Amino acid sequence: FRLRRTQSTRHIRQGFQFLGYYLKWHPEGRTGFVEVDVADHNKERFQAKIAELMPQCRFDRSVTRVERTAALHEVEQYIVSWVQSFSRADNIGELVSELLNEVLSEETMATRLAFRPILDQLD
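Everything in the sequence shown is counted per my numbering, starting at 3 for the first residue and increasing by one.
It cannot be assumed that every hint is accurate.
What the hints assert, rightly or not - Simulated DEER-style distance windows between Cβ atoms:
| hint | residue 1 | residue 2 | range |
| --- | --- | --- | --- |
| 1 | S64 | H28 | 46 to 52 Å |
| 2 | Q16 | S64 | 19 to 25 Å |
| 3 | T66 | E109 | 47 to 53 Å |
| 4 | E46 | T66 | 28 to 34 Å |
| 5 | T71 | Q19 | 36 to 42 Å |
| 6 | R114 | R32 | 19 to 25 Å |
| 7 | K51 | E96 | 15 to 21 Å |
| 8 | H75 | H28 | 36 to 42 Å |
Honestly, the hints are just simulated from the structure, not real lab data.
If you're wondering where the values come from, they're calculated on a predicted model, not measured in any experiment.
Just so it is clear, CB atoms sit at the ideal spot from N, CA and C, and this is done for glycine as well.
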């Protein structure tokens, strides 16, 4: 096995990924603070999973009401577990709402309204 280093040193203000988070030091004020965000690849995986489940959530003749309800429940459970997994991130509810709205922006109004209860839980 070989370990490769893409960068030998990094200034703390550049930030770094750690356990699925992106941490960045801000030296503002007397002590400064650490910004905690979800790493970009995890945000992309979240949106890909939602997009994968989206066809079963649409109001379409090929999807029965029972299938749609089950798919919406699965999406809701996925979102809840994702929020719990990244609960240390700053403003996780706002982040999830933003990511979910990006996926829903291309959907019909009926589909977006079906997601309203899930979005309301995040606020």
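Verification of the supplied hints:
1. Remark: the range hint 46 to 52 Å for S64 to H28 is upheld by a beta-carbon distance near 50 Å.
2. Distance hint check for Q16 and S64: the Cβ-Cβ separation is about 49 Å, which falls outside the suggested range of 19 to 25 Å.
3. For T66 and E109, the Cβ-Cβ distance of about 18 Å falls outside the hinted range of 47 to 53 Å, so the restraint is violated.
4. Separation of E46 from T66 is about 31 Å and conforms to the stated range, judged on CB atoms against 28 to 34 Å.
5. Take T71 and Q19: their Cβ atoms lie about 37 Å apart, and the range 36 to 42 Å holds.
6. Separated by about 45 Å at the C-beta atoms, R114 and R32 break the suggested range of 19 to 25 Å.
7. Taking the beta carbon of each, K51 and E96 are about 19 Å apart, inside 15 to 21 Å as hinted.
8. For the pair H75 and H28, the beta carbons lie near 39 Å from each other, so the given range of 36 to 42 Å is met.
Hints 2, 3, 6 from the list above are not met by this structure, while the remaining hints are.
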